[in-house]
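Quick mapping for you: the protein sequence lines, in order, are chains A and B.
First residue of the first sequence? That's 1 in my numbering, and the numbers climb one at a time after it.
First residue of the second sequence? That's 1001 in my numbering, and the numbers climb one at a time after it.
Hints listed in this document are in silico derivations from the structure and should not be mistaken for laboratory results.
A virtual CB, placed ideally from N, CA and C, is assigned to each residue, including glycine.
Honestly, I wouldn't trust all of these hints.
[Unchecked claim] Beyond 12 Å from chain A on every Cβ pair, some chain B residues (computed): (1) P1020; (2) A1025; (3) G1027; (4) S1029; (5) S1034; (6) G1043; (7) P1051; (8) G1073; (9) C1091; (10) P1095; (11) A1110; (12) K1134; (13) R1146.
[Stated by the list, open to error] Covered stretches of chain B, going by a simulated chain A footprint (3 or more residues, C-beta under 8 Å): (14) 1052 to 1062; (15) 1112 to 1124.
[As the list claims (entries may be wrong)] Quick list of the computed label-pair ranges, beta carbon to beta carbon: (16) G97/A x I1131/B: 39 to 45 Å; (17) S1040/B x A111/A: 30 to 36 Å; (18) P1051/B x D130/A: 44 to 50 Å; (19) G1052/B x G141/A: 29 to 35 Å; (20) D1132/B x D132/A: 58 to 64 Å; (21) M1032/B x A88/A: 16 to 22 Å; (22) R1087/B x N63/A: 48 to 54 Å; (23) G108/A x T1014/B: 47 to 53 Å; (24) G52/A x S1040/B: 53 to 59 Å; (25) G38/A x M1032/B: 25 to 31 Å; (26) P109/A x A1110/B: 46 to 52 Å; (27) I131/A x D1100/B: 53 to 59 Å; (28) G108/A x M1032/B: 28 to 34 Å; (29) A81/A x G1052/B: 28 to 34 Å.
Number of protein chains: 2
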Amino acid sequence: MPRIDPASVRLRTTTTYPPPYDAEARGRSALMLSDAGGLSQFGVNVTILEPGAKSSMRHWHENEDEFVMVLQGDCVLVEDAGETPMRAGDCAAFPAGNPDGHHFINRGPAACRLLVVGTRLDHDIAHYSDIDLKVTITPEGNRFTRRDGTPYPGKGNTT
Amino acid sequence: MPRIDPASVRLRTTTTYPPPYDAEARGRSALMLSDAGGLSQFGVNVTILEPGAKSSMRHWHENEDEFVMVLQGDCVLVEDAGETPMRAGDCAAFPAGNPDGHHFINRGPAACRLLVVGTRLDHDIAHYSDIDLKVTITPEGNRFTRRDGTPYPGKGNTT
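Bound conformation, chain A alone (with noise of 0.2 Å):
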């Protein structure tokens, strides 16, 4: 049946960012939508963030449209030019090449649930804002290197 069985959908509690940044994913979880449902064009989850943790490393990406809906709790979007405030209901939209890297962080008490949407294509690079860091996607896997093309231990995924 096309609805989802909850019990059938991955929570991922584990990143592939290389060290030092794996640190930085500590109480970042997410439910695997799309990959429960078979679809392979766009990747959905629910992103949950528990206090002080964040979506991902500040990034943005060359070829992939992202879509986030804050769904439950509070929290903030940070962007070069600074932070704003997200609450239940409250979305975004970050259209691909924008070089304007994004994340969210759970600054309150409580967990926040995010929606998240993003394209699936085959090849795309995304690129760390604040830190030496960018990852080259392929079908074949997730390449993390420096800026200048050094290669970091470890593979993985963006987010």
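Given the coordinates of chain A, assemble chain B onto it according to the supplied hints.
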């Protein structure tokens, strides 16, 4: 700012279904979120179903993935095999090319809100399961025909 200003979000209340199916869209509206946010690779809207309204005529897409999350209220998901009750938090996924048409009907006394995501491709065909209708989607617009290709008057969107 990437945060979407609610005042900038268009509420679509019209339909371009050809008669007599245009009457079936009564009580349905949609907040066009991804348009307001400048996204092009996938569409995101919040579809609002008043009591008795349906999300669309029952249909499936040849090429585009679809995802739905119930944000508020109750409805039923209708497919070939029958009806599935859906309530806030429930999700459903419709991978491209699965020829099992779907739509959502609000049979309750209160409004229902659905978050709807769909890929935006340059070419797609949607087939309507219960009526003599299909639609061809191109950058030049959408063209409704009978199943045998005979044109219907009017043209518009697939939902």
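Consistency of the hints with the structure:
Annotated as non-interface, P1020/B keeps its C-beta farther than 12 Å from every C-beta of chain A; the closest such distance is 28 Å. No Cβ of chain A comes within 12 Å of the Cβ of A1025/B; the nearest lies about 22 Å off, and the non-interface call holds. Every CB of chain A lies more than 12 Å from the CB of G1027/B, the least distance being 22 Å, so the non-interface label holds. Its beta-carbon lying about 17 Å from the closest one in chain A, S1029/B satisfies the requirement of being farther than 12 Å from that chain.
The claim that S1034/B lies off the interface is violated: its Cβ sits roughly 6 Å from the closest Cβ of chain A, which falls inside the 12 Å cut-off. Distance check on G1043/B: its Cβ comes as close as 10 Å (rounded) to a Cβ of chain A, failing to clear the 12 Å threshold; non-interface status is violated. With a cut of 12 Å on Cβ distances, P1051/B stays outside the contact zone with chain A, its closest approach being about 22 Å. For G1073/B, the requirement that its beta carbon stay farther than 12 Å from each beta carbon of chain A is met, with the minimum near 15 Å.
Separation of C1091/B from chain A is inadequate, the least Cβ-Cβ distance of about 4 Å not exceeding the 12 Å criterion. At roughly 5 Å, the least C-beta separation between P1095/B and chain A is not larger than 12 Å, which violates its mark as non-interface. Listed as outside the interface, A1110/B is consistent with that label: its C-beta sits roughly 18 Å from the nearest C-beta of chain A, beyond the 12 Å cut-off. Look at K1134/B: its CB is around 20 Å from the nearest CB on chain A, clear of 12 Å, so calling it non-interface holds up.
No beta-carbon of chain A is positioned within 12 Å of the beta-carbon of R1146/B; the least distance is around 26 Å. Check on the segment 1052 to 1062 of chain B: 0 of its residues sit with their Cβ under 8 Å from a Cβ of chain A, so the three-residue criterion for coverage is violated. Taking a C-beta to C-beta cut-off of 8 Å, the segment 1112 to 1124 of chain B contributes 3 residues in contact with chain A, enough for the three needed, and the coverage statement holds. Taking the beta carbon of each, G97/A and I1131/B are about 41 Å apart, inside 39 to 45 Å as hinted.
A hinted range of 30 to 36 Å holds for the C-beta pair S1040/B and A111/A, which are about 32 Å apart. Range check, P1051/B to D130/A: about 49 Å between beta-carbon atoms, so the 44 to 50 Å window is met. Taken as a hint, the range 29 to 35 Å is violated for the pair G1052/B and G141/A, whose Cβ atoms sit roughly 49 Å apart. With their beta carbons about 60 Å apart, D1132/B and D132/A fall inside the hinted range of 58 to 64 Å.
Under the hint 16 to 22 Å, the C-beta atoms of M1032/B and A88/A, about 20 Å apart, fit the expected range. Between R1087/B and N63/A the C-beta distance comes to about 36 Å, which lies outside the given range of 48 to 54 Å. Here the CB-CB span from G108/A to T1014/B is close to 40 Å, at odds with the stated 47 to 53 Å. For G52/A paired with S1040/B, a C-beta distance near 35 Å fails the hint of 53 to 59 Å.
For G38/A and M1032/B, the hinted distance range of 25 to 31 Å is satisfied, since their beta carbons lie about 26 Å from each other. At about 32 Å, the CB distance of P109/A to A1110/B disagrees with the hint of 46 to 52 Å. Judged by the Cβ atoms, the range 53 to 59 Å given for I131/A and D1100/B is violated: they are separated by roughly 46 Å. The hinted range of 28 to 34 Å is satisfied by G108/A and M1032/B, whose Cβ atoms lie roughly 30 Å apart.
With their beta carbons about 45 Å apart, A81/A and G1052/B fall outside the hinted range of 28 to 34 Å.
The structure shown violates the earlier hints numbered 5, 6, 9, 10, 14, 19, 22, 23, 24, 26, 27, 29.
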